[in-house]
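Let the hints inform the model, and build the full structure from the sequences given.
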Amino acid sequence: MATDSQLDTWEVFMQSKPGANYIHAGSVHASDKKMALQNARDTYTRRGEGTSIWVVPSDAIVASNPDDSDMFFDPADDKMYRLPTFYVMPEGAKAI
Amino acid sequence: MTEQQALYKYCLRIGDDALIQSYRLSEWCSNAPMLEEDLALTNFALDMIGRAQPVLTYAGKTEGKGRTDDDLAYRRGERDYFNHLLAELPNGDFAYTVARLFLMSTFEYFFFGELQHSADATLAAVAAKTLKEVKYHMTHAADWVVRLGDGTAESHYRIQQAVNELWMYTGELFETDEADALLEDKNIAVDMGRIRPEWKSRVTNVLTEATLATPADGYMQTGGHKGIHTEHLGHILSEMQYLQRAYPEATW
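First to last, the sequence lines map onto chains A and B.
Here our numbering = 1-based position in the first sequence + 206.
Here our numbering = 1-based position in the second sequence + 1406.
Heads up, none of these hints are tricks.
With a straight-line Cα cutoff of 25 angstroms, these simulated DSS-like cross-link-like pairs (lysine-lysine) come out:
1) LYS1632(B) <-> LYS1471(B)
2) LYS240(A) <-> LYS1541(B)
3) LYS223(A) <-> LYS300(A)
4) LYS1592(B) <-> LYS1535(B)
5) LYS1538(B) <-> LYS223(A)
6) LYS239(A) <-> LYS1541(B)
7) LYS240(A) <-> LYS223(A)
8) LYS1467(B) <-> LYS1592(B)
9) LYS240(A) <-> LYS1538(B)
10) LYS1535(B) <-> LYS223(A)
11) LYS1471(B) <-> LYS1592(B)
12) LYS240(A) <-> LYS1535(B)
13) LYS1535(B) <-> LYS1606(B)
14) LYS239(A) <-> LYS223(A)
15) LYS1632(B) <-> LYS1467(B)
16) LYS1632(B) <-> LYS1592(B)
17) LYS239(A) <-> LYS1538(B)
18) LYS1606(B) <-> LYS1538(B)
19) LYS1541(B) <-> LYS1606(B)
20) LYS1535(B) <-> LYS1467(B)
21) LYS1541(B) <-> LYS223(A)
It is worth saying that the hints were derived from the structure and are not from the lab.
This is the structure:
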């Protein structure tokens, strides 16, 4: 694979409305923080998708290793009792 | 010159600047140095189309001959275009485009900042909306000027060359004529004498930060306000207006 000659990569996280979670939107190239933020704005908010942006240098993200998937995620597969489905909803509680 | 004629011309000047600059920035589509910048420049082009449209529509209404924004954009010859020469110059290299965008958007930032207080409600509304857009264009362009100026020897050389070459087109931005005088009396037009020092000071600050020299004011090009253009505008119009000229009334 050709090496990426277009500056560093940054991961872009967008908030669609105040209070909402920041969701990963994609990545951009940039040489510095200011440029990363502007490029994220120009690339991902053109159609009114967001009200706030985070940019993070891609190399600051620590990712889980696919080889560890068994150890990391499989143990959660057979623990139905961890789901809150079995609890009875208290009467009158609407927002749970 | 009546107030109506002055307003018509004033609107064309604003609309044509937006339309012609937009055309030049659109030429970067698929050609910018990186994808993100490609999107940024063409985004700006779309902002400018969004500015040209209501202003040319308003020009048509002011003229009172039933011409629409499309009629004015696609059926006028170059002598009836009143954009500043700076807007129509070819893109050159990336530094040249950045320098033009910087000089022009800084001008527009102060121009629309004043125009939003215009006694003309339509122009004031367009100015208030435009101000947010040009503030971003100016910021983006100024950041690039600093990055290139304070970058490598090559980028420093290119952006300094661009600023030097474009400087003689900046005097025209602040020119005034009969139309300005008439509209200024009615608190419709912007007082150019007021925004010129603000522009100069902002531009000088950014150039200094970019380790670039601010050129001395020497001979200044002129003509746009009279419809006398460089040879480049005709080429823009021949391409931009081709379809409406070849197939009048074409719709899709």
